[in-house]
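A.B. asks: In the working numbering, the protein residues as written are 3 to 253.
Source of the hints: derived by calculation from the structure; they are not laboratory data. For every residue, glycine included, the Cβ atom is placed at its ideal position computed from N, Cα and C. Misleading hints may appear alongside valid ones.
[Said to hold, decoys possible] Below are the DSS-like pairs computed for lysine-lysine, each with C-alpha atoms no more than 30 Å apart in a straight line:
1. 36 with 185
2. 185 with 163
3. 87 with 131
4. 70 with 36
5. 36 with 87
6. 131 with 70
7. 159 with 70
8. 163 with 36
9. 131 with 36
10. 36 with 159
11. 87 with 70
12. 131 with 163
[Said to hold, decoys possible] Here are the computed distance ranges between Cβ atoms for each label pair:
13. 224 with 3: 38 to 46 Å
14. 249 with 131: 38 to 46 Å
15. 251 with 3: 23 to 31 Å
16. 186 with 72: 28 to 36 Å
17. 209 with 250: 41 to 49 Å
18. 189 with 215: 37 to 45 Å
19. 13 with 119: 23 to 31 Å
20. 209 with 251: 45 to 53 Å
21. 9 with 165: 17 to 25 Å
22. 218 with 238: 15 to 23 Å
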Amino acid sequence: MELVYSPVIAAARALFAAQGLRFRVEGAQHVPTKGGAVMVLNHIGYMDFTYAGLAARPSGRLIRFMAKDDVFRHPMSGPLMRGMKHIPVDRSAGLASFRAALTALRAGEVVGVFPEATISRSFELKEFKNGAVRMAQAARVPLIPTVIWGSQRVWTKDHPKRLGRTRTPISLSVGEPLVVDRKDDADEATARLRQAMQELLHAAQEVYPPMTGDDAVFLPARLGGRAPTPERAAELDAAEAVERAARRSAD
């Protein structure tokens with residue numbers, strides 16, 4: 003039992019119960035019961051990291067997530083994130099976080115990585131950065147492809163929070179571990195990883211309860227929903243990046 007992580011998990015599970023969230027976890031047996039591993043996840047909502055840990059619970063594992071360093075500087079979330087031994091990421095200087103992740107992996111921890119870096123507005127997989135693969139290669143640990151679906155209905159970009167008792171179904175699907183050799187091309191391995199996760203995501207979408215009416219905004223355009231296409235989502239992301247840079251300059 004960990005002094006910070008365990009109470010946070012208990013509080014989160016109580017919150018999920020109050021919200022009536024209905025979780026479906028498949029493939030949890032693929033999370034190793036011991037030793038280091040990189041759990042690689044898609045990113046469709048702000049609460050993804052809180053739900054993703056449920057995929058590792060059957061194996062008795064805790065996930066040390068890599069997260070933006072802004073979260074660690076917040077007076078409330080910062081102490082919790084540090085207490086749970088998550089790993090801060092400074093996007094302008096990523097070497098320190100890469101080394102911290104390697105230290106955790108070599109110590110036998112499961113490190114959680116979102117290779118898209120930001121939330122996907124289209125709810126499709128964005129392009130992956132190859133950092134997760136490079137960490138797995140350097141630490142000689144497997145990659146655990148994992149996808150989440152349904153979390154966008156709770157809280158995501160460009161939509162209001164829905165944190166009440168929504169009874170939202172959320173699925174987590176864990177694929178077979180992917181082992182990469184140090185000699186493998188990191189970009190090619192990342193493409194294989196993305197393909198595996200895309201297959202998992204499409205399978206999860208096929209069996210998920212229909213999203214109709216107002217909820218069609220949370221369904222990809224590919225499936226007839228009203229979410230932005232990947233191309234439109236990329237335009238929105240670019241505009242957001244420009245606005246963020248302007249704010250930093252003003253500060």
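A.B. asks: If a hint holds in the structure, say so; if it doesn't, say that too.
C.D. replies: Okay, the hints, checked on the actual structure:
1. 36 with 185: Given pair residue 36, residue 185 holds - Cα atoms ~25 Å apart, limit 30 Å.
2. 185 with 163: violated (44 Å)
3. 87 with 131: holds (23 Å)
4. 70 with 36: holds (27 Å)
5. 36 with 87: holds (17 Å)
6. 131 with 70: Given pair residue 131, residue 70 holds - Cα atoms ~15 Å apart, limit 30 Å.
7. 159 with 70: holds (16 Å)
8. 163 with 36: violated (36 Å)
9. 131 with 36: At roughly 26 Å apart (the allowed maximum being 30 Å), residue 36 and residue 131 satisfy the hint.
10. 36 with 159: violated (35 Å)
11. 87 with 70: At roughly 14 Å apart (the allowed maximum being 30 Å), residue 70 and residue 87 satisfy the hint.
12. 131 with 163: Distance of about 28 Å is within 30 Å: holds.
13. 224 with 3: 38 to 46 Å: holds (44 Å)
14. 249 with 131: 38 to 46 Å: Check failed, 23 Å falls outside 38 to 46 Å.
15. 251 with 3: 23 to 31 Å: Given about 46 Å between the Cβ atoms, the range is violated.
16. 186 with 72: 28 to 36 Å: At roughly 33 Å between Cβ atoms, residue 72 and residue 186 fall inside 28 to 36 Å, so the hint holds.
17. 209 with 250: 41 to 49 Å: holds (43 Å)
18. 189 with 215: 37 to 45 Å: Given range 37 to 45 Å: holds, Cβ gap about 41 Å.
19. 13 with 119: 23 to 31 Å: holds (27 Å)
20. 209 with 251: 45 to 53 Å: At 47 Å between Cβs, range holds.
21. 9 with 165: 17 to 25 Å: Since residue 9 and residue 165 have Cβ atoms about 20 Å apart, the given range 17 to 25 Å holds.
22. 218 with 238: 15 to 23 Å: Taking Cβ atoms as reference, residue 218 and residue 238 lie about 18 Å apart, which means the hint holds.
Violated hints for the displayed structure, listed by number in ascending order: 2, 8, 10, 14 and 15.
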